[in-house]
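Colleague: So you can see what is in the structure, the chains are spelled out below.
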Amino acid sequence: MAQAPTDPSSAEAADPEESSPNMIVYRKIEDIITRMQDDKTGGVPIRTVKSFLSKIPSVVTGADIVQWLMKNLSIEDQGEAIHLGSLIAAQGYVFPISDHVLTLKDDGTFYRFQAPYFWPSNCWEPENTDYAIYLCKRTMQNKARLELADYEAENLARLQRAFARKWEFIFMQAEAQVKIDRKKDKTERKILDSQERAFWDVHRPVPGCVNTTEMDIRKCRRMKNPQKVKKSVYGVTEESQPQSPVHVPSQPVRKTTKEDFRKQITFLNLQIDRHCLKMSKVAESLIAYTEQYVEYDPFITPAEPSNPWISDDAALWDIEMSKEPSQQRVKRWGFSMDEVLKDPVGRDQFLRFLESEFSSENLRFWLAVQDLKKQPLQDVTTRVEEIWQEFLAPGAQSAINLDSHSYEKTSQNVKDPGRYTYEDAQVYFKRSVFFISHGCIRTLEDKTTFHMLQLLNHDLSKDF
Amino acid sequence: MCDQTFLAIVFGPCDKCSNEKPLRAVYIKSEQLSYCSLCVEMMATEGLHENETLASLKNEAESLKGKLEEERAKLHDVELHQVAERVEALGQFVMKTRRTLKGHGNKVLCMDWCKDKRRIVSSSQDGKVIVWDSFTTNKEHAVTMPCTWVMACAYAPSGCAIACGGLDNKCSVYPLTFDKNENMAAKKKSVAMHTNYLSACSFTNSDMQILTASGDGTCALWDVESGQLLQSFHGHGADVLCLDLAPSETGNTFVSGGCDKKAMVWDMRSGQCIQSFETHDSDINSVRYYPSGDAFASGSDDATCRLYDLRADREVAIYSKESIIFGASSVDFSLSGRLLFAGYNDYTINVWDVLKGSRVSILFGHENRVSTLRVSPDGTAFCSGSWDHTLRIWA
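Chains A and E, in that order, are what the protein sequence lines are. Numbered continuously in the numbering used here, the first sequence closes out at residue 666. Numbered continuously in the numbering used here, the second sequence closes out at residue 430.
Chain E with its partners taken away, still in its complex shape (with noise of 0.2 Å):
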């Protein structure tokens, strides 16, 4: 004869469907409640689910923010600008325009070096595409797009290629050719198609595959041969405006920056955003890596720079002054990743000390808003691009 325990049945009706039926103890939220067996297992199937609300949802994501800060501000025991004190100032800049590129008919919106370090395509509202040997000043191709506002253009890792999109919603790669009976355009090969205008593009480091940014919330990732969408990339909760590639030659990373004020960080094999990043108070015009890959650097509406590190996971300088109150619009490192350029609103370039956070230099010279800006891929100059139809290149 064995023990028997016996269990008390209680009868009644169930918390969730009323029905007069047996009844079990479950504990939700260290509340008890009764429910019938049939609810039982619904409820253990679909999960804990229904008795989520929306704002407790939204509550826990607050909480879980607010305990994320806490843990990041444990490792926050010093100021990048204070370890930075230590380091030598920097001496004297004489920076000054060498080199002024007439031609383009409207706004200049969009610029990129090949990797001759010489070459440049730049773009402009009226749809022309030009590709400049930047060194002589002459111009070697140009295009017109069936569409103004080309607010996005790269040059391909060979050097044999442009790719460039805007308010036609696309990215369009087009061949150089120095036949002078070739029609640049005759052999445009459609590559990205999104529901909004292209904000930006870049070749990975090969000719094969174009990342793109774009008015429609996504970024892509492109095969070029058959315009096939190898992976797309959804989270920002506005417009994209600019993203910017790993340096790595092995990297398969990227950055990208919105209206939505947030700078993320994904990974291009699974799709998924590794780190996000919210602390500008308006949209992020331009983000571009800092050279060895741990951090990258934003622009923003807010008239101010930023500097993101990966590692800490944390914002870890801002670059502003009381003077500068129009938005920058571009960002880009020098070779060492001392200096940081940034062009603005107010037709001035800012060059700032990454390290110590002190604005170096200014910059005067463009008529009009400064909208891109582009170090060469050897560091001995870097380029501007704006809306007073120009371009220059500084050194």
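Pulled out of the complex, with its shape left as it was, chain A reads as follows (with noise of 0.2 Å):
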């Protein structure tokens, strides 16, 4: 049963963030980068590379990424690693330098990787306000490197719009960014100019890329608590922080009760005294179960005359409509009572037998019962009623006979009537089926019903 050393009450002390769906991923990705990027242990070969008249400081190839995820990840296929590349890339922990579209490419691109300060674990949700003043400093300067992509420049004359009131303010705080830009070193100004640009490629992705940083909304409540005011890339601060719709107010968590110790003491002790099988029998049954259905497993054994999906023809299904079944379907019947009933065709077929051989009573009771359970609620009391008066009941029309002690059981559970009362009666009639069947083998003419019979007779054995 529980196999996790891991105390469930120590949940309640242990930081909840680190253990969201999210971050789990990215500390995983993280763990990956680092080694990444360790030249003691052969991680990527960093290098700046000589173009035209300048250098392009601290990049590596996209060829030598997927090389190295190739090989140290155990990645047999070339497609897989660029794939597993392109997701780190698309989540913000490596990006090409030329490029909008957070993609890898198994070639001689170039890539940066991403600085911890703007990676997503750090749970950033970046306002408009952030962005407009990004996009506002990248028009202050005069680089061609820094020149707006057109759903950019669309994005500013948004933003302008939205916020014409605040305008002046955001016009301020991008001059200060400027100003503090300039300070920094040429070539460090190079790798954080494009790492920003990298962060606002996951946080505002180019229209058509997927947006990384939506939520699954089921497994947004274990997020920080959302009346913390949110941070700025920039420093900045908002006296009024908008809330955001998606987040729904963490539960806080519920703490174990004596109660609940408790309830865990049963339930262990009655976990103790079930008896187990060992794993040898049950990777047997498990193996057994596969390899009597591989040849009804149309992925493993392909579908006769065809599956329908992979040639646009339904013949496939227009015979399992007929009422005529292939001898590989019959022997399907022989499995489990349960094959026989699931199948319209057997479950004619089988019924049939049943009503020819010996009493009908015996069936419909059986038939009945397991109508009983699907029906509304509101007529269960009116059907066990009925069943009582036609099948159980002194003098009743369509007597059945039940051994004395279910029988007994079955008198008090019509007392309170629901959806479970005849289930003991079931039982006794399963075994009914299976001596009577039995019996009744030898005299049978009809090849199909006997063969099925052989085999429901085999499978019902095993349940006593």
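Just so you know, these hints were derived from the structure itself, not from any lab. By construction, the Cβ of each residue, glycine as well, lies at the ideal position given by its N, Cα and C atoms. Each hint should be verified, as a subset may be incorrect.
Claimed, not checked - The calculated label-pair distances, taken between Cβ atoms and stated as ranges, are:
no.	chain 1	residue 1	chain 2	residue 2	range
1	E	Cys182	A	Tyr353	28 to 38 Å
2	E	Lys102	A	Gln494	33 to 43 Å
3	E	Glu106	A	Arg464	20 to 30 Å
4	A	Arg360	E	Gly328	50 to 60 Å
Bring the two chains, given one by one in their own frames, into a single complex with the hints.
Modeller: And the structure:
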């Protein structure tokens, strides 16, 4: 049962944020990225590349990254490595230096690693004011590499309209940022500018690209307190932070009470008393099941005449609707009572056999009880009474035979009618089917039914 | 004249209430104490609970867990994949997208097959629920829910109705009508009411009962006609994200998985938890029974899928790879149980050899997370739904 060494109540003490699903992935990626940059243990070669009149600092080729992933994460297929690399890029941990679209290519394209300050694990949710400051800043600097792309220019125009009243403030912040940036070393600036751009490529992606910051709403409740003021990328503090509609305030974690522990103890004691099977037996059983059904599994044994989805021909389904079952289909009925009853044709044949060979009352009783379970609640009491009158009450029209024990129990159950009133009677019925059909098999002429019953009896015998 | 044994009575302050009274010796956890007769009486009727502190109960639970693990470990004589070495290896698989269903305006969150092996119902973040004939890719019905994030949908066994729900905390049933003049939404029936989002729903083997799972930490069984709660299932310590009914026609159990990392098996009649499994490191997003009903698989945010056997009461296999780091969102078995299809948050579908534990194939195609995956009723194909707004049929 419980094999986890960790104490369930320790979740209360640990940082809930750290165990959130997003964070688990981020930490794994960060581990990969850190190993990738570690040149002591065979990391990727990060170099400064000479180009035209300038140098490109701190880059690695896509091909090098792909190769590293294949070698260090035991990936055999190149396509898989490229896909994983692209995801790492899309999350914002590595980026192409000359493209807003965050994917990984297996060639000489240059990539740079993202600065830890901008890592997604810092739970950034940058506001539009920050984005406005950023775009504004870009337009102030006279550099070809900082020119706005079309979609960015459109975004800027939109923000200018939205923040018309605040624009002076935004402009001032942008100017301040430009001043700060100018003081930095030229090479350092190149790197920082690209990292900042990659950050915004994650949070304001190119139209048509996947926004990897989107979250599954079911997991949002573990977020940090949404009331807390969100930090600004540029250190701008806003008086009124709008509340994100996505965040639902998280429930306080319920502490385990004495009652909870007592219930656990009762449950555990029950489990300890449970009779379990050895792994070897379980393994044999699982293997036996798949081997029995493998010929019916269209993914492993191609369907005859064809798989409709592959051939665009629904012939297979048309054949199944017909009343003439194939040998293979009949064989399947013999696997278990469930199989006979699941297949409408099998069920039909089985019922007709039982009807012809001996009293139909037992059969109709069984069907009525199965049906009872599917009734709407308001009809249940009436049905229970009807079944009792027809099959079990003294002088019943279609009296069935139950052993005295089952009869006793059932008449007790009927006093408090419910969907499961006749469960005990059903078990007895199954048993009688086994014994009766076992006796009848020798006299059967119909080969199909004979074959099916043989197999069915074999399966039923396992119950006793 | 008969022998009389005299009982020596000690007078003094009671160890419990401190009153001066005739005392009796009592033994609690091998310790001898002296209680007055009143305190002895109280203690006997209330049991020994007062002396159980939170810490002592916790310790008892821990030691029992340890003992249980010991007992189970004794039966762990071999690994599944070792026994499976004698099984023939599977050949190469060519699985492709055979149909792409486009029409949702936002993330596809859930889907279910109709028993007729070709129709499906799917639900999306934008509140739309669509019924498709996926063989022809035609849309047959569409309804807009009053809420966004419709996280659960299900097809009724008769094929005549669908159920769905999500952020509205409810599960509603819509009868399917082919009358062009009838508005599907008009006949809507509100069946289930939870106190938090609906994460999963499934009809039992009739149109009359629905089983639901919710972010409020509970599962529940409802009567569709009356909307009445038939049974509720308490035990998860956090949101329940998924459930699956045992495959037998006569079965009365189901399994659920939640954010508390636990998978629990329930008795539908009594509402009791029969078995519980806790080996995942994060949320369990999906659970599905092995076709024989003796085991079930789970997919989790810890990037692994696992197989649990009910007879061994234990995890019996883990399906994982160093290169798979994103969570598994949904799992399902092929008809024979030999293959496990799992959809992941890294946009891929991995196909696992259930017995040998190895990965057989990786399928690319979706352009965003795979959120839902189900094998068709006759096992000829499986359908995957994704945050990229599409559904794909693979065979």
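Colleague: Output the indices of the hints that this structure fails to meet, ascending.
Modeller: none
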